[in-house]
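Produce the entire structure from the sequences given, and follow the hints as far as they go.
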Amino acid sequence: MIEAELTRCVASWCPGATGVTVPAKLSGGASQETWTFDIVHPDGNIGAILRRAPKGYGAAPSRAAGLDNEAILMRLAFEAGVPSPRVLHVLGPEDDLSTGFIMQRVEGETIPRKILRDEQFAEARPLLARQLGTIAAGIHGLPRDKLPVLREMNSTKEIAEIEREYRSFGWPRPVFELALRWLRDHDPGPSEQVTLVHGDFRHGNLIIGPDGVRAVLDWELAHTSDPMEDLGWVCVNSWRFGEIDKPVGGFGSREDLFAGYEAAGRKVDPARVMFWEVMGTLRWGVMCCGMMQRFRLGPDHSMERALIGRRASETEIDLLRLLAPRA
Amino acid sequence: MQDEPTPSELTKVVADFLRHDIAPLISGHNAFKLRVAINALDLVTRQLTLEQGGDVAESARLAALVATQGSLLDLNRSLADRIASGDVDLQTPGLSEHLWQTTMDKLAVDQPNYAAYKRELGNKSD
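Quick mapping for you: the protein sequence lines, in order, are chains A and B.
One gets this note's numbering by counting positions in the first sequence from 1 and adding 86 to each.
One gets this note's numbering by counting positions in the second sequence from 1 and adding 5 to each.
A few of these clues could be false.
[As the list claims (entries may be wrong)] Keeping only pairs whose Cα atoms sit at most 20 angstroms apart, straight-line, the calculated EDC-like set for lysine to aspartate or glutamate is:
1) B:Lys38 - A:Asp386
2) A:Lys111 - A:Asp182
3) A:Lys111 - A:Glu91
4) A:Lys141 - A:Asp154
5) B:Lys38 - A:Glu119
6) A:Lys243 - A:Asp286
7) B:Lys123 - A:Glu329
8) A:Lys111 - A:Asp386
9) A:Lys243 - A:Asp271
10) B:Lys123 - A:Asp331
11) B:Lys38 - A:Glu390
Hints are computed from structural coordinates only; laboratory data are not their basis.
Here's what the structure looks like:
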């Protein structure tokens, strides 16, 4: 039972801890699981989250940074003042819990529609676009010599990779072909700055409270590349959750995002950001098609995964709005 | 020849049963999964209702664009190849309108509540 292993594990690094509450699985996919539990302690329980690869799981998929690298990045972010959960312990073989890490639980909301609608976030909402800019700058400023070894990417490689994945499905999509041509014609080439890129920096991967952003989550797609990639991805229409006139996560304008970024001392290249927004829109569409393939092949034959295949069309309308707007 | 009710009548009646009679009784994560299931059935109902008309119009537009005959899949492969090679692009008369109409027809089946789709319904050029 995972409870027994967690109890032993926690005892080894949390002085005074007397045990753990029964862990509840929050989510589980093919490549990682998330569990929530409390560390029982006489000074007060500590909320915790376990993130780990399932037992017996093999190598991480090629785009993933790996759980050990995620832990390193979260620690670096935390130490640099980027809102991040505190990593409490990185799992080792002696823990017998597979690979992964335990982090302190951050209270707050992650569900985008609630964050965009609920009264408790009304004061924070207008401030979030700018705050996300400042946070992104913090991420891009993390010292390269302290980073773990990550995939090195650039715009040209990304175009090639996404094209390869799209063609592997053998399913013709004229709108995706149009986007690929546009990306090739507008490839800005290697960027002056190459930094850590979060890789999935968007509404949906944030813990938000009435006071603003409390944590950035999900570093599994982190890599090095043109930092403008993160500023483009955060504006992809799917991550505006219905507030389509507010590009940054449905919260605010690109101007606010850029102002927050530049206030932190970094420079924005708006043309590159637009390239990466188009790229990100296509990428999400290709990911939807890929999930459909994985639904067929398994091991996850769930309804939810199957239905994601039918979200590719949302990216096609978003690409047309970007590349061939009407009226 | 198969009998009635039609497949779309069946998917609709099952979705309505789940929506009205079962959903109020379910909570937690299962309530979320039930909504996904109902959405899937609603999608199938919409596709069964709209697909044939959409495909006929799409085939006609494609045949005009690529000047060949064939199945819808073949015609789409042909158009995809021509866009990839640069033979056809946004300057080609009819391409933009075709891509827009095809995509709008897809959203009408997949996600008629998608905000950008609803916005574009109001923006129809003519």
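Hint-by-hint comparison with the structure:
Of the supplied pair hints, the one linking Lys38 (chain B) and Asp386 (chain A) holds, its CA atoms being roughly 15 angstroms apart against a limit of 20 angstroms. For the suggested pair Lys111 (chain A) and Asp182 (chain A), the alpha carbons sit about 18 angstroms apart, so the restraint of at most 20 angstroms is met. The hinted pair formed by Lys111 (chain A) and Glu91 (chain A) meets the criterion: a straight-line CA distance of about 15 angstroms does not exceed 20 angstroms. This hinted pair checks out: Lys141 (chain A) and Asp154 (chain A) have alpha carbons roughly 15 angstroms apart, not beyond 20 angstroms.
Of the supplied pair hints, the one linking Lys38 (chain B) and Glu119 (chain A) holds, its CA atoms being roughly 19 angstroms apart against a limit of 20 angstroms. About 18 angstroms separates the Cα atoms of Lys243 (chain A) and Asp286 (chain A), which keeps this hinted pair within 20 angstroms; it holds. A hinted pair counts as satisfied when its Cα atoms are at most 20 angstroms apart, and Lys123 (chain B) with Glu329 (chain A) qualifies at roughly 12 angstroms. Our distance criterion of 20 angstroms between C-alpha atoms is met by Lys111 (chain A) and Asp386 (chain A), whose separation comes to about 17 angstroms.
Our distance criterion of 20 angstroms between C-alpha atoms is met by Lys243 (chain A) and Asp271 (chain A), whose separation comes to about 14 angstroms. In summary, the hint linking Lys123 (chain B) to Asp331 (chain A) is supported, as the alpha carbons are separated by about 13 angstroms, within the 20 angstroms threshold. This hinted pair checks out: Lys38 (chain B) and Glu390 (chain A) have alpha carbons roughly 8 angstroms apart, not beyond 20 angstroms.
Violated hints for the displayed structure: none, as all numbered hints are satisfied.
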